[in-house]
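Visitor: The chain contents come next:
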Amino acid sequence: MLETKNVSKSFLTKQVLKNVNFTLKPGSIYALLGPNGSGKTTWMKLAAALSKPSKGTITLDDQPISIKSREKIVFLPTENFFYNNMTIKDVGLYYDDFFADFSIEKYHDLINKMDLSEKSKIKTLSSGMLAKVKIAAAMSRNAPYYLLDEPLNGIDLIARDEVMQTIIESLNEDATIVISSHLVEELEPYVNQAIFFKQGEMIEQCDVEELRDTQGVSLADHYRTLMKGDFLNA
Amino acid sequence: MKFNTATPIYQQVVADLKKKIVNGTIHPGDKLPSGRDLAVEYKINPNTSSRVYALLEEQGITYTKRGIGTFVIDDENIVDILKEEMANHLLTFFMNNMHELGYSSDDIIDLIRRNEKC
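Residue numbers (the numbering used here), protein chains in the order written: chain A, 1 to 234; chain B, 235 to 352.
With the rest of the complex left out, here is chain A (with noise of 0.2 Å):
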């Protein structure tokens, strides 16, 4: 289980965590919605021990989050983080090198799927491919955790279908996965855990097929309550 536990975060005067308090379970997939400024990120990277928090704690299975639990929580940030000049073999070498559960195979495999080629350089990718290539490199970890920071975000339709596919294919029964996203529509029938933020608290957590189930309201429709007032800051 990861749990949040009474987490802050504050920059110099700005507090953009407050008093954040949810535990993950392991199998579910979870959306992690919010207008841009939220929290998402800075919760994730928190999560992923790439920030230390104000107040509060995250524990994985008990035990406080530290660059050790990095072997077993899969970070994707929403930034490009490899190097122009490295071919798409090249990021599988490199994630090869640094984790011990990365599937060089796995990636291959996960590359020709989605029609890449391992010998184009990152910096002639379009968007939707770097996305692609992201994705597969995350995914071919094999890990309990994965969070991944708008993989959706700024790349077209079919892209975005070939990035969701990808992901539930590759998806270790018991792993638990958490995917920021403001594209609520794009997620719904993906996800079945959401966790709602709003100005760096966490409003709600929810089971999204109870929802439709006992209140008959989507998961966009059930955000656009919870948000309303909130598009001036959005």
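Simulated from the structure, these hints should not be mistaken for lab results. Each residue gets a CB set at the ideal place from its N, CA and C atoms; glycine is no exception. Among the clues, some could well be false.
Covered stretches of chain B, as calculated for chain A (at least 3 residues, CB under 8 Å) [as the list claims (entries may be wrong)]:
(1) 241–248
(2) 267–275
(3) 279–285
Residues from chain A that face chain B, not an exhaustive set, calculated with beta carbons under 10 Å [stated by the list, open to error]:
(4) S28
(5) I168
(6) E188
(7) P189
(8) E210
(9) V217
(10) S218
(11) D221
Assemble the complex: chain A is given as a structure, and chain B must be docked to it using the hints.
Guide: The following block gives chain B in isolation, referenced to the frame of chain A:
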């Protein structure tokens, strides 16, 4: 498949699989895809696939062979049973709505006849 996102997705996939059994795309005795393959095919969460198969099994439409997979029960009657069930479901929905509009059952029958002639 396009989902209505305001009703549970597992129910919509169950309805679609039943429709496929009725129209002969899936036959009695056929093996169904694994949970993961079903998730990929319908673009849904693998957890939803598990719920789909649990519901189909609960309704006596499929059964699971441990370690082999999920199968449609090998009984031709299932096609007619499902067909009738789905037809009744559609009919009830239609009749209720028509009654709400003030049509009697006779009016509805007349309307259907007239519509057919056009």
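Visitor: Which earlier hints turn out false for this structure, listed by number in ascending order?
Guide: none
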